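Using the sequences and the hints, build the whole thing.
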Amino acid sequence: MQERRRWAGFSPVSPHWPGVNMRVAHFARRAVSAMTRPITGKDFADLIAMGCQVITRFEDIDSVYLTVDDSPNPISTLSILKELAKHEVHATFFCIGWRAVQYPDLIRKILSAGHEIGNHTMRHPNLWRVSPWRLRNEVRSCQDALQSTCEGPLRVDAFRAPYGNFRWDLRFVKRFGLKYLVKWDVAPSCEQPDPAAMAEYIPENTRPGSIILLHDGLEGEPRDRSEAIGKASAKCISIIAPKLKSRGLQFKVISQNGSKAYF
1 MQERRRWAGF SPVSPHWPGV NMRVAHFARR AVSAMTRPIT GKDFADLIAM GCQVITRFED
61 IDSVYLTVDD SPNPISTLSI LKELAKHEVH ATFFCIGWRA VQYPDLIRKI LSAGHEIGNH
121 TMRHPNLWRV SPWRLRNEVR SCQDALQSTC EGPLRVDAFR APYGNFRWDL RFVKRFGLKY
181 LVKWDVAPSC EQPDPAAMAE YIPENTRPGS IILLHDGLEG EPRDRSEAIG KASAKCISII
241 APKLKSRGLQ FKVISQNGSK AYF
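Under this note's numbering, the residue at position 205 of the sequence shown is numbered 205, and the numbers go up by one with no gaps.
These are calculated hints, taken from the structure and not from any lab test. Note that the structure is a prediction, hence the values are computed from the model and not measured. Using N, Cα and C, we set each Cβ at its ideal position, and we do this for glycine too. There could be a bad hint or two in this list.
[To be verified] Pairs of lysine to any residue residues, derived as SDA-like cross-links and limited to a Cα-Cα distance of at most 25 Å, are as follows:
{"#": "1", "residue 1": "K243", "residue 2": "Q256"}
{"#": "2", "residue 1": "K179", "residue 2": "G258"}
{"#": "3", "residue 1": "K183", "residue 2": "G152"}
[To be verified] Using C-beta positions, here's what the derived DEER-type ranges look like:
{"#": "4", "residue 1": "P222", "residue 2": "R247", "range": "33 to 41 Å"}
{"#": "5", "residue 1": "F172", "residue 2": "A197", "range": "32 to 40 Å"}
{"#": "6", "residue 1": "H87", "residue 2": "S255", "range": "14 to 22 Å"}
{"#": "7", "residue 1": "R247", "residue 2": "P153", "range": "22 to 30 Å"}
{"#": "8", "residue 1": "Q256", "residue 2": "S148", "range": "23 to 31 Å"}
{"#": "9", "residue 1": "E59", "residue 2": "E88", "range": "18 to 26 Å"}
{"#": "10", "residue 1": "G258", "residue 2": "D224", "range": "37 to 45 Å"}
Structure (structure tokens):
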């Protein structure tokens, strides 16, 4: 128990000097990447996730994969679902466990509309900063929370680490029925939640097999900003869906991929 407490308190960034130490951690990661990338072709994040098959896009000739993080959200989920239905698009919603417990009706609405649910941990921590024990508990608790929202069995195949911060010991998630560790290759900036700018960025950077990241609000951000991001995502979908379809691309959920992934 003592060892567990020691690990649980571990953080590469001290809470007493957050601004200074965040900068130190940032430059340390850049320094590691600068040294390792020319030799191994891997940056800091790749090294931390060594041994995990993290999917950034699929080898696909006619499909793209729309994903929505930090669901469900009482402010924006229904608007996102409305736009997806209007354009006959299916998406994978990476859901936070505590939100699923608080808003089970929204989880059921996502599923009843034909979309897929993914695991996004129970409380959305930075997984680079938690103990191995908490890591497992975050994934397992979210899996249980998602299952509890449905009357029948629910298959949850996909997992996405908060902030995309995967680590090597996430290989254990297969024990909970998870098959895919999913990142992305197309993600518009959330700094300014401007749906027009987001909708311009996505088509320009999307190619067959791309995994697109949007947000159903933004966990950990002030309420007004989180709401603005969720609303921007809904409006963005209304613009990008017809654009990408006009290029002959169809939208699939993560578990529908039938091809080799790029890791």
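Taking the hints in turn, this is what the structure says about them:
Distance check on the hinted pair: K243 and Q256 sit about 22 Å apart at the alpha-carbon level, within 25 Å; holds. With a CA separation close to 13 Å, the supplied pair K179 and G258 stays within the 25 Å bound. As the CA atoms of K183 and G152 are separated by approximately 28 Å, the hinted pair breaks the 25 Å bound. A hinted range of 33 to 41 Å holds for the C-beta pair P222 and R247, which are about 36 Å apart.
Between F172 and A197 the beta carbons are some 39 Å apart, a value that agrees with the proposed interval 32 to 40 Å. Range check, H87 to S255: about 21 Å between beta-carbon atoms, so the 14 to 22 Å window is met. Checked against the given bound of 22 to 30 Å, the beta carbons of R247 and P153, roughly 37 Å apart, lie outside it. Between Q256 and S148 the Cβ separation comes to about 25 Å, which falls inside the hinted range of 23 to 31 Å.
Separated by about 25 Å at the C-beta atoms, E59 and E88 satisfy the suggested range of 18 to 26 Å. Taking the beta carbon of each, G258 and D224 are about 42 Å apart, inside 37 to 45 Å as hinted.
Consistency with the previously given hints fails for numbers 3 and 7, ordered from lowest to highest.
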